[in-house]
Amino acid sequence: MKLRIGTALKVVFLALYLLVMVFPLYWIVITSLKPQKDIFSFPLRYWPEKFTMDNYINIFKISKFHIYIGNSLIVAIAAAFIVLVIAVLSAYVLARFKFRGHGQVMLAFFLTQMLPGFIALAPLYLMMSHMDMLNTRFSLVLMYTVGLIPFSTIMLRGFFQRIPSSLEEAAMIDGCSRWSALLRVIIPVMLPGIASTFIFAFVQNWNELFLAVMFIDNDSLKTLPVAMNSFILKFDVDWGAMSAGAVLSIIPTIFIFAVAQRFIVEGLTQGAEKG
Amino acid sequence: MKNQKIFILSGLLPALLLVLAFTYYPFLKGIIMAFQDYKLFDLRHIRFVGFDNFKDAFHDPKFFTALKNSGYWVFFSLIFQFLFGLALALLLKKPFRGRGIFQGFAFYSWALSGFLIGMIWKWMFNSQIGVINDLLLRIGIIHERIGFLSNPKWAMTSVIIANVWYGIAFFAIMLLAALQSVPSELYEAADMDGATGVRKLWNVTLPYILPTIIATTLLRAIWIFNDPTIIYGLTNGGPAGSTHILSSLMLDKIIYAGDYGAASAIGVIMIVLLLLYTIFFLTVTKAEKVGDF
Numbered sequence: 027m028k029l030r031i032g033t034a035l036k037v038v039f040l041a042l043y044l045l046v047m048v049f050p051l052y053w054i055v056i057t058s059l060k061p062q063k064d065i066f067s068f069p070l071r072y073w074p075e076k077f078t079m080d081n082y083i084n085i086f087k088i089s090k091f092h093i094y095i096g097n098s099l100i101v102a103i104a105a106a107f108i109v110l111v112i113a114v115l116s117a118y119v120l121a122r123f124k125f126r127g128h129g130q131v132m133l134a135f136f137l138t139q140m141l142p143g144f145i146a147l148a149p150l151y152l153m154m155s156h157m158d159m160l161n162t163r164f165s166l167v168l169m170y171t172v173g174l175i176p177f178s179t180i181m182l183r184g185f186f187q188r189i190p191s192s193l194e195e196a197a198m199i200d201g202c203s204r205w206s207a208l209l210r211v212i213i214p215v216m217l218p219g220i221a222s223t224f225i226f227a228f229v230q231n232w233n234e235l236f237l238a239v240m241f242i243d244n245d246s247l248k249t250l251p252v253a254m255n256s257f258i259l260k261f262d263v264d265w266g267a268m269s270a271g272a273v274l275s276i277i278p279t280i281f282i283f284a285v286a287q288r289f290i291v292e293g294l295t296q297g298a299e300k301g
Numbered sequence: 589m590k591n592q593k594i595f596i597l598s599g600l601l602p603a604l605l606l607v608l609a610f611t612y613y614p615f616l617k618g619i620i621m622a623f624q625d626y627k628l629f630d631l632r633h634i635r636f637v638g639f640d641n642f643k644d645a646f647h648d649p650k651f652f653t654a655l656k657n658s659g660y661w662v663f664f665s666l667i668f669q670f671l672f673g674l675a676l677a678l679l680l681k682k683p684f685r686g687r688g689i690f691q692g693f694a695f696y697s698w699a700l701s702g703f704l705i706g707m708i709w710k711w712m713f714n715s716q717i718g719v720i721n722d723l724l725l726r727i728g729i730i731h732e733r734i735g736f737l738s739n740p741k742w743a744m745t746s747v748i749i750a751n752v753w754y755g756i757a758f759f760a761i762m763l764l765a766a767l768q769s770v771p772s773e774l775y776e777a778a779d780m781d782g783a784t785g786v787r788k789l790w791n792v793t794l795p796y797i798l799p800t801i802i803a804t805t806l807l808r809a810i811w812i813f814n815d816p817t818i819i820y821g822l823t824n825g826g827p828a829g830s831t832h833i834l835s836s837l838m839l840d841k842i843i844y845a846g847d848y849g850a851a852s853a854i855g856v857i858m859i860v861l862l863l864l865y866t867i868f869f870l871t872v873t874k875a876e877k878v879g880d881f
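Chain order of the listed sequences is A and B.
Numbering-wise (the working numbering), the first sequence opens with residue 27 and increments by one.
Numbering-wise (the working numbering), the second sequence opens with residue 589 and increments by one.
In short, the hints are calculated from the structure, not lab data.
We put the beta carbon where it would ideally sit given N, CA and C, even for glycine.
Just to be clear, a hint being listed does not mean it is correct.
Claimed, not checked - Coverage of chain B stretches by chain A, computed from C-beta distances (three or more under 8 Å per stretch; other residues unrestricted):
1. 633-643
2. 681-695
3. 842-853
Could you put the whole structure together from the sequences, leaning on the hints where they help?
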């Protein structure tokens, strides 16, 4: 009997928790599918009288939403890809070799995660302006890459440390150079770690707002978060369009998260555990 | 041997150069700006002003509100994220049917942007047509609408609630992994001694995962302190500056005032506070190494 009460309490807690977590998502989706008059009607409708795609059609009419989606995809994928190449190398070196300055390099990467990054925001803006890179997608790709290098390196290093170094040593005895041993033997074993790092990087880039707000004011170069930000300033009352925009910007991350949830959780925790 | 040196160098160089050039260099420049009169709309009259930016901050009532709010923001966000995250991790420790699906729905908030979360909660907290007011009225907990975001008495609590909602997943993920690494022999030994569930939690589980708890709370506190995104999306510091924390006030000075000197001064004060906090935390917990996360 005692056990059953315990189980019942557990189930109740988990169910309540799930409700609290899912409700905001439900509410924004439902709002986006309501006809305009239902959104502001009293009493609130928890299930719309009729569903409509008007808000979604509307958002493409009042803005270049497809272009924003494209910009976000380009920037997020490019930066995630470049960071992966750079971080795999640095993580491998830091995992396999002890050398003078090893600790300092780790500390330098580690510290970037703790400093209040906004201090660098203004100087970065000026640097981009001097290099004539404001209002380019490349400026964001560069910034996102740099921003993710330390965390990705730390995370990938954890993965490398779980792979015995005898693996590439065997390949090197067979005549491989270190580069080809890394490419042909280690990288394939690392694929789950690489996938989760890529996904993590993509999600971060997809969500980034402030650098993009500072660097981009050309409408056709805006990323999704910047576009949503200017929606708020411009159409403060059009919650139908805004929730449609929110749903569209959430879909890719939710999709990726659903597909790769196990990878991400595993990757994050392994990277964290293995110091 | 020489080959190895070349390999190490070429492997590290791209990462190091980029981070030094685009993280540390602008960061140091930002610290220098704290001692300059540096305004975006008047870049020709940049000059050193000593501690003037700091004096201005200390004479600004908004600064002290933000300082106090940062304290509330970090403390309550952290405590509730941790407690709910721990409870969740403990309940998810043993596999059950549907756990994977549950985790998917329970953890997805982690992958959303803080700005969107701020927006969504702004919609839900709305005093006229917000769903939270509607639900509370229907259940009968309140009898008139609350201006969650427009009433300064409620605004800070409201942004913290949104932040707790956002951050539970992170703690749950980290703590769940730690819990799963506890060796089962420890529990078997405790069973032989006739320990009950609560005793096992207190004497076996918590001590074993203590390093993870220390590392996650230390770093999480710093991230919560540094990240104004949810506040930016929800209230943008309003009403009348009552929900600004230090980082959102700093952002405000950059984006709206273009006053880099004032913003950087706040940033430098934040660094000092972070240092004090880290030293204090590490002394109290006697943690020597916090892992590199």
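Checked hints:
For the segment 633-643 of chain B, the stated coverage by chain A is violated: 0 residues have a C-beta nearer than 8 Å to a C-beta of that chain, whereas at least 3 were required. Interface restraint, the segment 681-695 of chain B with chain A: holds (7 residues with C-beta to C-beta distance below 8 Å; minimum three). A stretch counts as covered by a chain when three or more of its residues have a beta carbon under 8 Å from one of that chain; for the segment 842-853 of chain B and chain A the count is 5, and the coverage holds.
The structure does not agree with numbered hint 1 stated previously, though it agrees with all others.
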